[in-house]
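> Protein chains in written order, with the numbering used here: chain A, 1 to 408; chain B, 1 to 408.
Heads up, a few of these hints could be off.
If you want a taste of the chain B side facing chain A, the calculated C-beta under 10 angstroms gives, among others [unchecked claim]:
hint: 1; residue: S14
hint: 2; residue: K22
hint: 3; residue: G32
hint: 4; residue: L35
hint: 5; residue: A38
hint: 6; residue: Q139
hint: 7; residue: G210
hint: 8; residue: P212
hint: 9; residue: T220
hint: 10; residue: V286
hint: 11; residue: D288
hint: 12; residue: S303
hint: 13; residue: A386
Covered stretches of chain B, as calculated for chain A (at least 3 residues, CB under 8 angstroms) [as the list claims (entries may be wrong)]:
hint: 14; region: 121-131
hint: 15; region: 142-150
For the record, the hints were derived by calculation from the structure and aren't laboratory data. Just so you know, even glycine gets a beta-carbon here, dropped at the ideal spot from N, CA and C.
So you can see what is in the structure, the chains are spelled out below.
2 protein chains.
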Amino acid sequence: MIRVGLLGHGVVGSGVAEILRKNGDVLWARTGQRLELASICDLRDFSHLEYASLFTKDALAMARDKSIDVFVECMGGVEPARSFVLEAVRQGKHVVTSNKALVVAAGEEIAALAQEKGVRFLYEASVGGGIPVVTPIRQCLAANRLDRIAGILNGTTNYILTRMKDGGVSFDAALQEAQRLGYAESDPSADVQGDDARRKICILAHIAFGSPLDDGHIFTEGISALTREDMLYARELGRSVKLLAVAELVSGGWRALVAPAMLPQGHPLGGVDDVFNAVLVHGDMVDDVLFYGRGAGALPTASAMVGDVLDIALHPGDAPLCPPRGELAALPSLGGQTRLFTRVLRAPAETADRVLAQIPGSRLVRLDGPAFQGEFGLITEEGEEAALRKAIDELGLPHGAVLRYMSV
Amino acid sequence: MIRVGLLGHGVVGSGVAEILRKNGDVLWARTGQRLELASICDLRDFSHLEYASLFTKDALAMARDKSIDVFVECMGGVEPARSFVLEAVRQGKHVVTSNKALVVAAGEEIAALAQEKGVRFLYEASVGGGIPVVTPIRQCLAANRLDRIAGILNGTTNYILTRMKDGGVSFDAALQEAQRLGYAESDPSADVQGDDARRKICILAHIAFGSPLDDGHIFTEGISALTREDMLYARELGRSVKLLAVAELVSGGWRALVAPAMLPQGHPLGGVDDVFNAVLVHGDMVDDVLFYGRGAGALPTASAMVGDVLDIALHPGDAPLCPPRGELAALPSLGGQTRLFTRVLRAPAETADRVLAQIPGSRLVRLDGPAFQGEFGLITEEGEEAALRKAIDELGLPHGAVLRYMSV
Chain A
1 MIRVGLLGHG
11 VVGSGVAEIL
21 RKNGDVLWAR
31 TGQRLELASI
41 CDLRDFSHLE
51 YASLFTKDAL
61 AMARDKSIDV
71 FVECMGGVEP
81 ARSFVLEAVR
91 QGKHVVTSNK
101 ALVVAAGEEI
111 AALAQEKGVR
121 FLYEASVGGG
131 IPVVTPIRQC
141 LAANRLDRIA
151 GILNGTTNYI
161 LTRMKDGGVS
171 FDAALQEAQR
181 LGYAESDPSA
191 DVQGDDARRK
201 ICILAHIAFG
211 SPLDDGHIFT
221 EGISALTRED
231 MLYARELGRS
241 VKLLAVAELV
251 SGGWRALVAP
261 AMLPQGHPLG
271 GVDDVFNAVL
281 VHGDMVDDVL
291 FYGRGAGALP
301 TASAMVGDVL
311 DIALHPGDAP
321 LCPPRGELAA
331 LPSLGGQTRL
341 FTRVLRAPAE
351 TADRVLAQIP
361 GSRLVRLDGP
371 AFQGEFGLIT
381 EEGEEAALRK
391 AIDELGLPHG
401 AVLRYMSV
Chain B
1 MIRVGLLGHG
11 VVGSGVAEIL
21 RKNGDVLWAR
31 TGQRLELASI
41 CDLRDFSHLE
51 YASLFTKDAL
61 AMARDKSIDV
71 FVECMGGVEP
81 ARSFVLEAVR
91 QGKHVVTSNK
101 ALVVAAGEEI
111 AALAQEKGVR
121 FLYEASVGGG
131 IPVVTPIRQC
141 LAANRLDRIA
151 GILNGTTNYI
161 LTRMKDGGVS
171 FDAALQEAQR
181 LGYAESDPSA
191 DVQGDDARRK
201 ICILAHIAFG
211 SPLDDGHIFT
221 EGISALTRED
231 MLYARELGRS
241 VKLLAVAELV
251 SGGWRALVAP
261 AMLPQGHPLG
271 GVDDVFNAVL
281 VHGDMVDDVL
291 FYGRGAGALP
301 TASAMVGDVL
311 DIALHPGDAP
321 LCPPRGELAA
331 LPSLGGQTRL
341 FTRVLRAPAE
351 TADRVLAQIP
361 GSRLVRLDGP
371 AFQGEFGLIT
381 EEGEEAALRK
391 AIDELGLPHG
401 AVLRYMSV
């Protein structure tokens with residue numbers, strides 16, 4: 001029997017409780033062991049619940065409860081979650097979390113202590129909600145040198161972009177709609193500014209490349225500067241706009257970034273719409289593999305967490321997720337090759353020639369209609385991203401959001 | 001150290017040898033153990049290879065070689081592969097295979113012996129080539145009651161259908177092209193008649209539902225009756241034609257079938273083109289999850305096999321893939337609800353009324369152009385599939401291939 005202590009009974013935590021209670025027979029058939037919900041810590045009042053007797057308000061006592069085998073953290077935030085988790089590990093408990101902020105801020109500290117104590121620290125649910133990505137990357141694709149991950153890792157922004165594309169609405173209107181539907185929080189900044197996606201790509205790179213859990217150097221741009229007009233250029237160009245998180249292992253180190261991109265038709269991520277997430281992984285042997293599904297939500301996320309508990313039940317002595325490796329330098333996010341798109345605004349007639357002279361090889365796109373008077377879309381040739389962004393700024397012309405113009 | 005014996009050095013076997021030789025450092029970092037290619041059995045002459053000294057022609061001796069830990073079967077076919085594998089298991093070796101015919105014909109026998117001997121029998125590569133599906137379904141999604149799997153499981157037929165759609169060519173021309181490119185074998189019947197996809201959906205159902213490895217009752221229809229005209233109806237209807245393998249867990253048992261289908265825009269499998277495979281899994285907690293990638297090819301398939309070897313290195317004492325469960329009845333493949341599409345051919349003018357009278361609720365579609373003179377497309381209302389197919393036959397009219405007309 002595996003006894004689970006649950007820290008936090010909010011959206012995801014209550015999902016974990018529901019799965020453990022409803023699908024106990026399935027879990028038993030898969031593991032040959034009972035996974036029992038032993039204790040739940042939450043400061044709020046849940047005395048109306050059928051399982052009210054399991055609740056406690058003392059997280060430290062739960063972290064020290066000798067009868068608990070797995071500590072499932074659904075509290076969110078870095079502190080005090082970190083302290084409770086570290087105490088649980090110190091007491092010899094395995095830990096499962098969906099908390100990406102915690103994993104990025106303290107994952108290496110927790111993993112090191114877990115290794116010392118011979119327990120496991122798993123966080124499948126921290127990326128892609130219910131979609132299996134961490135375990136497949138770590139285990140099923142382990143025969144590969146993995147060198148590239150690209151993902152749509154944030155469901156809120158993907159929903160907003162889908163509404164802007166299909167509904168022709170503005171960013172603000174789409175955001176409000178997402179908030180009404182519960183897809184965006186009242187303070188949506190972590191989603192729309194790209195911070196959530198940055199933490200997730202940092203975690204995926206760690207699993208795939210062994211890079212450090214440090215997202216401080218990752219260039220991050222959100223979607224709030226995107227307009228309906230950008231969507232119309234994308235449609236004209238046969239493309240779709242996505243907030244893309246990318247990490248690459250390259251000679252000399254690794255780099256990552258989060259930025260809006262225009263994806264061509266036929267790109268495996270181009271058709272991923274609404275709140276769905278998808279992760280595209282490239283390995284030297286397997287080529288591209290894609291994982292797709294619901295990247296958030298109580299039950300999908302809880303499904304991944306209970307999958308981790310089951311992994312622990314089957315393999316309590318497994319090696320850490322990411323084995324130690326040599327130094328892997330964090331390279332500048334904008335050091336790679338790409339093409340860029342932007343709208344050049346309020347451009348006098350002679351501007352086009354100057355743009356083509358200053359950014360050689362560019363292509364200009366003009367759309368009909370009053371909204372596009374006196375502006376054009378600029379698509380650069382492929383070049384070093386930092387240099388291209390500088391060249392656009394040095395035009396000294398007002399311009400819209402800058403999007404990566406990706407090939408398949 | 002884990003010592004690997006490789007049975008068969010053909011397309012996939014040589015891929016396994018290449019990965020073990022080239023990516024040994026990656027595997028070592030992931031497992032903390034050396035995975036060593038110890039012996040290769042093949043009757044052909046490979047004396048020109050750098051690792052020619054590893055070859056033997058005696059498969060039984062390799063199966064009995066006490067220094068070998070994992071027996072990797074890349075021989076294909078049921079016999080004599082089955083006998084060699086059973087002998088290897090009897091001698092206490094773990095077994096990894098990509099051989100779907102072997103898994104369906106003898107998988108339960110091998111798994112039972114493996115359990116008795118305390119060794120593992122893994123076959124991730126038998127479905128979806130390099131795409132991780134078996135392990136994610138078994139482990140990562142194990143918190144779910146999985147009740148539905150739909151997949152594009154055969155790359156050859158998917159390539160042919162893509163060429164028929166995009167290139168406007170006939171089935172025969174597309175097949176010849178696939179053969180020229182090495183995507184189809186000189187005898188393509190197992191692919192184009194759907195037998196390959198049937199074995200794979202049978203294996204996936206076994207992993208997901210615990211159904212027996214018995215594909216005898218699975219209704220199987222291939223793609224050789226499909227025409228360019230079917231593709232044009234699909235385009236007019238905003239749909240794409242795919243060879244779909246489906247398995248469902250329903251009240252009273254499970255059922256599966258392999259048949260061509262028209263998928264609407266927005267269906268997660270609708271955009272899976274060329275030789276790619278995809279598997280869509282539905283669980284009660286996670287909703288839909290999709291796995292996508294190269295479903296065949298030497299290195300992708302070998303990547304999955306080496307992933308299994310690594311799984312064994314990490315978890316030599318793991319439980320069997322599919323735990324024993326109670327009887328699960330095999331229900332008739334055509335007992336489910338669906339809509340159907342077919343072309344009604346050489347139909348006199350008064351036929352339409354008769355069709356609508358005999359198959360109430362149907363919708364007729366007419367395309368312009370000389371190729372469509374005197375015919376129409378028939379889309380039935382939703383009903384029991386067997387009854388709908390019978391009703392189409394009872395029209396007594398010549399008709400084209402019957403395709404399932406799926407909703408999202």
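> A separate judgement is required for each hint: does it hold in the structure or not?
Hint check:
1. Taking 10 angstroms as the C-beta contact cut-off toward chain A, the hint placing S14 of chain B at the interface is violated, the least distance being around 13 angstroms.
2. The interface hint given for K22 of chain B holds, since its Cβ lies 8 angstroms from the closest Cβ of chain A, which is under the 10 angstroms cut-off.
3. Interface hint at G32 of chain B: satisfied, since its Cβ lies 6 angstroms from the closest Cβ of chain A, which is below the 10 angstroms cut-off.
4. A hinted interface residue such as L35 of chain B counts as satisfied when its beta carbon comes closer than 10 angstroms to some beta carbon of chain A; here the least separation is about 9 angstroms, so the hint holds.
5. Residue-level restraint check for A38 of chain B is violated (minimum Cβ-Cβ distance to chain A is 17 angstroms; threshold 10 angstroms).
6. A distance limit of 10 angstroms between C-beta atoms decides the matter here; for Q139 of chain B the minimum to chain A is near 6 angstroms, and the interface restraint holds.
7. Among the interface hints, the one on G210 of chain B holds; its C-beta lies about 7 angstroms from the nearest C-beta in chain A, closer than the 10 angstroms criterion.
8. Proximity of P212 of chain B to chain A is violated relative to the hint, the smallest CB-CB distance being about 15 angstroms (cut-off 10 angstroms).
9. At its closest, the beta carbon of T220 of chain B sits 27 angstroms from a beta carbon of chain A; the interface hint therefore is violated under the 10 angstroms criterion.
10. Checking V286 of chain B against chain A: minimum C-beta separation of about 4 angstroms stays under 10 angstroms; hint holds.
11. Satisfaction of the interface hint for D288 of chain B is found here, the shortest Cβ-Cβ separation to chain A being roughly 6 angstroms, below the 10 angstroms cut-off.
12. Against a cut-off of 10 angstroms between C-beta atoms, the interface hint on S303 of chain B holds, since the closest Cβ of chain A lies about 4 angstroms away.
13. Because the beta carbon of A386 of chain B sits about 31 angstroms from the nearest beta carbon in chain A, more than 10 angstroms, this interface hint is broken.
14. Counting residues of the region 121-131 of chain B whose CB lies closer than 8 angstroms to any CB of chain A gives 3, which reaches the minimum of 3, so the coverage claim holds.
15. With 4 residues having a Cβ less than 8 angstroms from any Cβ of chain A, the region 142-150 of chain B passes the three-residue criterion, so the hint holds.
The structure fails hints 1, 5, 8, 9 and 13 (numbered hints given earlier, in ascending order).
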